[in-house]
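Order-wise, the sequence lines are chains A and B.
Take -14 as the starting number for the first sequence in my numbering and just add one per residue.
Take 0 as the starting number for the second sequence in my numbering and just add one per residue.
It is worth saying that the hints were derived from the structure and are not from the lab.
The list that follows gives simulated cross-link-like pairs (lysine-lysine, BS3-like), each with its CA atoms no further than 30 Å apart:
| id | chain 1 | residue 1 | chain 2 | residue 2 |
| --- | --- | --- | --- | --- |
| 1 | A | Lys194 | A | Lys254 |
| 2 | B | Lys110 | A | Lys1 |
| 3 | B | Lys90 | A | Lys85 |
| 4 | B | Lys110 | A | Lys85 |
| 5 | A | Lys284 | B | Lys90 |
| 6 | B | Lys272 | B | Lys290 |
| 7 | B | Lys90 | A | Lys1 |
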Amino acid sequence: MKILCVGQIVVDVAIKSLDIDDFEKGRSTIDSFEVIGGGDCNNAAIDLTRLGEEARPFGVIGNDFLGDRLIELYHENGIDTSFIRRVSEPTTVSVLILGKSGDPTLTVIRSGAHEALMPGDVTEEMIRWADHVHMVSVLNLNKFDGEGTGRVFEIAHRLGKTTSMDLKALNPALANRMQLVEKALSNCDVFLPSHYEVEFLCGIRDPEKAAEFFAPFGLKVFGCKMGAHGVFLTDYHTSMYLPSLYEGTPVDVIGAGDAFSSTFACAWKRGYDLHDAGVLASAASAFVLDEVGCTTGMKDFDTVLRYAKERGAIK
Amino acid sequence: MNILCIGSIMCDVAFSPIEQGDARRGGTFSIDQFSIHGGGEGNNAAIDLARLGETVRLVGRVGSDFIGDHLIRELQKEGVDTLHVRQVPDKGTTISIQMISSVGARTMAAKRWGANETLTAQEVPDELIRWADHVHIVGAMCLSGFDGEGSARVFARAHELGKTTSMDLNNPRFEGPCFHLYRDALENCDLFLPSNYEIERSCGLTDLHEIRSFFRPFGIQALVIKRSEQGIYVTDFDREFCLPSFLEGDPVDVVGAGDAFSSTFVSSWKRGKSLYECACIASAASAKVLKSLGATRGMCDFATLSAYAKERAEALGLSSGEEDAH
Chain A
-14 MKILCVGQIV VDVAIKSLDI DDFEKGRSTI DSFEVIGGGD CNNAAIDLTR LGEEARPFGV
46 IGNDFLGDRL IELYHENGID TSFIRRVSEP TTVSVLILGK SGDPTLTVIR SGAHEALMPG
106 DVTEEMIRWA DHVHMVSVLN LNKFDGEGTG RVFEIAHRLG KTTSMDLKAL NPALANRMQL
166 VEKALSNCDV FLPSHYEVEF LCGIRDPEKA AEFFAPFGLK VFGCKMGAHG VFLTDYHTSM
226 YLPSLYEGTP VDVIGAGDAF SSTFACAWKR GYDLHDAGVL ASAASAFVLD EVGCTTGMKD
286 FDTVLRYAKE RGAIK
Chain B
0 MNILCIGSIM CDVAFSPIEQ GDARRGGTFS IDQFSIHGGG EGNNAAIDLA RLGETVRLVG
60 RVGSDFIGDH LIRELQKEGV DTLHVRQVPD KGTTISIQMI SSVGARTMAA KRWGANETLT
120 AQEVPDELIR WADHVHIVGA MCLSGFDGEG SARVFARAHE LGKTTSMDLN NPRFEGPCFH
180 LYRDALENCD LFLPSNYEIE RSCGLTDLHE IRSFFRPFGI QALVIKRSEQ GIYVTDFDRE
240 FCLPSFLEGD PVDVVGAGDA FSSTFVSSWK RGKSLYECAC IASAASAKVL KSLGATRGMC
300 DFATLSAYAK ERAEALGLSS GEEDAH
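All chains should be built: construct the whole structure from the sequences, respecting the hints.
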């Protein structure tokens, strides 16, 4: 299955272990320093590749050392990078400093290339290549939100492709939020925001009310991810709440939502029904929650399926 | 001029601006600048000297990782010979994290130790010293496998082979006595370029005349003390003078300024400039680097620095001769 992933690609720099007290000392020692791919599109592409799909990311990165490193990492993961656009702006970087306990001490973000994503950047050729278009980071795509996201899904449906979408609610000052997603929603098959993203988008907290709200857009599936409380899913014939398959305190929550959305889209495209696709997505998410890093814990499809069966969540 | 440069190589990760108060509160902040470049005194000095037009070979160690690969490529792009920069198996490249405030002060500094710390004197065979006209050891007191006997041997051999030598320091990361780490190398050192706080740390001295008396017996040709915003002090043990800092306004980033100063002083001295001229051109280099984020970004070619030095000297009302000591 060929899946075009569209969204943000950034570099994540993870520094361990610096606590606030260390700032007093002036000079401290850290345990590790890692430079890895980040951003929802990066995570989705890696997740889908691990699941056995042929995923190609589309995003905008800099023509710099960090951009080169991203390309290297994709190639190491067997991911084709020919759709990625490189620009003169520096690659967007997110630096996460973790303390000795693993809790975040400080996060700093240097915005850059990812903001250069423009409405016309995703070509019809890219969409034609795919069987399915998975668009992520929606509402945090700056100039690409609205016209850009709407155009991609309109072309995808016109060409007979299926579509799925996930949001990213980062900017509290963002205005006209529904207007920015309406056009894309009209050609969206699977919509999987988190509960706080739904509230951010349309002010609705109840997942069932949210499902009703989005019904007129013609979605095939609406899902509302609710963290430790699991997920609400509906295909507008059947609705259900599925529990989280993770037990205990997560090691690292970052990337779990991306893993859920990617796996759901994958399972759905493979023909699993609403319930089983949801269970498989929860299983994948549980693996990611259990390790540090957005994609570190992500497993292949068979391992995810085996885990779901062992938990008795799927026959 | 062939210059053999020996010193630390690490990856400098710098981001700004982060104020001390913000960092302590935690949370998420936007920053304007993020750079990930080669750093460490050896790396910086080699690039500085190459930009000045010298032919430079660097001796140092990096990790067998993508960062080590990147640092070597960066050095090569700058025209530095990296044949003797060794990638150490199973070791990561040493990383230095710098958070810089809006006025160029360090909010935070941290290190991930690695390959850099494995450098030894075995890395500097006679063949390398023979190739050079001048041997420049940078960051002495922080080259754990090389300090002491290693640096003394290299300088002794350099003098035996008719080469000139120079050394600058960096404060060690341990507490306790440290003068022994470079004492023996001083006996064959022509130019010694420490900063005032490095002298205080290693010798317990702060008074310039006491410092001059202390180092006189070693036979150093020129003692040049970097004093941050107070400028510099220079003596050949016969005459002495001070110069003010050549910086205009506030610094953007202090990292690399001392390396730029030392490299430029050495380059100027090897070109036959007077000590006063060396001091002015080196101060100009330091000022340029202080105005850019990153250890070497502001470094220029020799002609540009010479012209800037003249301009700054005139602006500061310095006479064409030497200034008196304080």
